[in-house]
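Respectively, the protein sequence lines represent chains A and B. Under our numbering, the residue at position 104 of the first sequence is numbered 107, and the numbers go up by one with no gaps. Under our numbering, the residue at position 375 of the second sequence is numbered 364, and the numbers go up by one with no gaps.
Incorrect hints may have been included.
Claimed, not checked - Between beta-carbon pairs, the in silico distance windows are:
1. B:Lys408 to A:Asp189: 33 to 43 Å
2. B:Val413 to A:Leu288: 58 to 68 Å
3. A:Asp60 to B:Asp241: 17 to 27 Å
4. A:Ile64 to B:Pro388: 40 to 50 Å
5. A:Glu179 to B:Pro110: 21 to 31 Å
6. A:Leu265 to B:Lys352: 48 to 58 Å
Hints were generated in silico from the structure; no laboratory data involved. The C-beta atom is built at its ideal place from N, Cα and C for all residues, glycine as well.
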Amino acid sequence: MIFEQLAGNLIQGLVLGAIYGMATMGLSLIFGVLKVVNVGHGAFIMVGAFVTLWLFDALGIIPIFAIPAALIIGLALGFICYYTVMRRLIKAPELASLLATFALGVLLEEIIKLIFGSEFRGYNWAVGKINLGITVLPFTKLYACLGSIAIAVLLYLWFNKTRAGTAMRSVVEDSEGARVCGVNVDGVYALSFALGIGLTVTSGVLLTMFIPVGINPYMGGPYTLKAFVIAVLGGLASPYGAFFGGLVFGLIENGSYTLFALLPNVEPFALTRFLSFVMLLLILLMRPTGLLRAK
Amino acid sequence: MKNKYFVGFMSLVAAFTLLFAVDAMAAPKKIVIGHPACLSGKYAKAGEQALGGIKGIVDWVNKEYGGVMVGGKKVPLEYVYYDSESKKEAVTSLIARLITADKVNAVMAPYSSGLTLRGAPVAESRKMLYMDHGGANNKIFRQGFKYIVQSIGPASRYHEGTLDMIHKLHPKAKRVALAYEDSEFAKMVMEGAESHAKKLGFEVVFKRTYPKGVTDLTPLLSALKASKPDFVIGGGHFEDGQLFNRQMADLDIDVDALSLIAAATLPAFYEALTSMAEGVMGPSHWEYGVKYSEAGAKEAGLRWIGPSQDEFVELFKKALGKNVIPDYHAAEAGAAVLSYVLAVEKANSVDTTKVRKALGDLKFMSFYGGWDVDATGLQVGHSMVDVQWQMGKRIIIWPPSAQTGRLAFPMPTFAEKAKGRMAVPR
């Protein structure tokens, strides 16, 4: 019975982990290229959730089709944020960009609250489930997981097979060297920030496909915290590492619950959180570049 | 000669004493109640309801009741409020501001046990009456505070009605699972539910908490499913209640009954979950449709005060400028104002110590139901009702004296609900 539960939770953890990974890729991309820690990360996830909710409620558009819409909105938002705020802060002390992204997050939360109100909302898109015997997976979760994997693969191909992707990698390696070689570094910064935000907003869509309730302007907080743990786990500057970190985090979060539940007189949820931060501490101490970054 | 002086002196003393006594008895120009309301932040929904309930009753007191009778005069009631943004820090500073700057006569507590508890020492240190209408945790009343009085029922009794109902109507359902948020309020509800369940002979097959702000309950619900309960009771607040129901549906956890505190009684719960919420129950302090009336009060030997249920609904709508039916957050806040009015009249004073004593001696009935507090200020005279979502509507199913419909048991499975089957009593 316990093994059945463990296996079921690991499957659920893997699905959720893929979405967590996707939700962290934007954070890692922005840090990797611009060396900016986006403290307002969760607010951008929340924007994606509201895009999905609004399209579904107002226009009847199913969440899968909200993915491209969210990506476009995220890219636009990213470019706007970059050219109005972040561009001026690239060379500024780290604290300035930290505060700026924090402020952007708060601003977004308040704008969304002004438009949609502060209630906890949700939507109901029922497309059936698949019974795996040990657990039940709604197709919406499966689509979200497959969507995350597809986006991660596309990002990989874009990074490795396109000129823009190569330019971006060159800036990550050495921005001055890239500039000498004729790379438009400012353009790469703008594109990276926009793409990072685009991915983050898109992950909001995928997250609501996994959990289509609790959508509210302040829902981003817990995801920001998780994204930092995952980013450190996978390597803060590596989007692929972040995806891998997300998978590991999802597995540990869900799998450890079953094991902790075997201990007498403990609340397993509290221990899974404890474990996540122990993991974070250990990674920082023993492998600060993350699991996938040997450098 | 000496005697003459003495008599003169004593007359002077008597005159002054009389003057001060008259002054003390004199009616104030107005009575002000202050409120660090939760109009934004995580409790905005309940906070807005409370605001509508208080405004509506203040309006009733001034226009229909003619004001508060004190010192032989009818005195108007005034309501001053600020938005605490559902934040603890703001609650404490706003209570201090209400007492020192606005010179209020009583403070309405903010929504939730946590915020109520946070504000209590500030009110207590200034000997200010603190009317708790949204903090159900019994622990608030175990701190030795003298000036706090509750209108919402205590957390430990939230699920008593649910358990009594299942015990009486479906005695074969014996296995109960308890899963609550890890908050002071929800844990107190769970303690009360567990103790009552054991008293009634139920077998508690699962008992766990989950953290505040949880985003995924899958592991907990998988374990709950394995315990094969007949029915589940749990929850904490609105957001996790939504998640609880949704993920039970995702995992196909079909039970005969599901009762969730705080969430299931709100319209937004059904709006977000639609058919998945069919058959889900929740305890409520008040629900539109309850049958408390002046005649009922007379029968019970209690004094009646306040508007009728329908009048309250109209007052609430007017106060908020919205065409919405109030929920229990509005009713319990309104009832707190009514209790204060009666206590001031009973004490014939706005002095907080005298009013607090009067509140302790008070027993009455209003649209909200019975009202009586024990020595600590804990509400003991109000009974809760249980509601269930049936065909998209909240139906009062328990107690029999208040019910507007029968219990649908077992509730449809989640697969049946997905196909559009509604909860209908058999």
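Checked hints:
A beta carbon spacing of about 56 Å between lysine 408 (chain B) and aspartate 189 (chain A) contradicts the range 33 to 43 Å that was offered as a hint. Roughly 60 Å separates the CB atoms of valine 413 (chain B) and leucine 288 (chain A), a value that falls within the hinted 58 to 68 Å. At about 26 Å, the CB distance of aspartate 60 (chain A) to aspartate 241 (chain B) agrees with the hint of 17 to 27 Å. As the Cβ distance of isoleucine 64 (chain A) to proline 388 (chain B) is approximately 45 Å, the hint placing it in 40 to 50 Å holds.
Separated by about 59 Å at the C-beta atoms, glutamate 179 (chain A) and proline 110 (chain B) break the suggested range of 21 to 31 Å. Between leucine 265 (chain A) and lysine 352 (chain B) the CB atoms are about 51 Å apart, so this pair conforms to the stated range of 48 to 58 Å.
Hints 1, 5, counting from the list given before, are not met by this structure.
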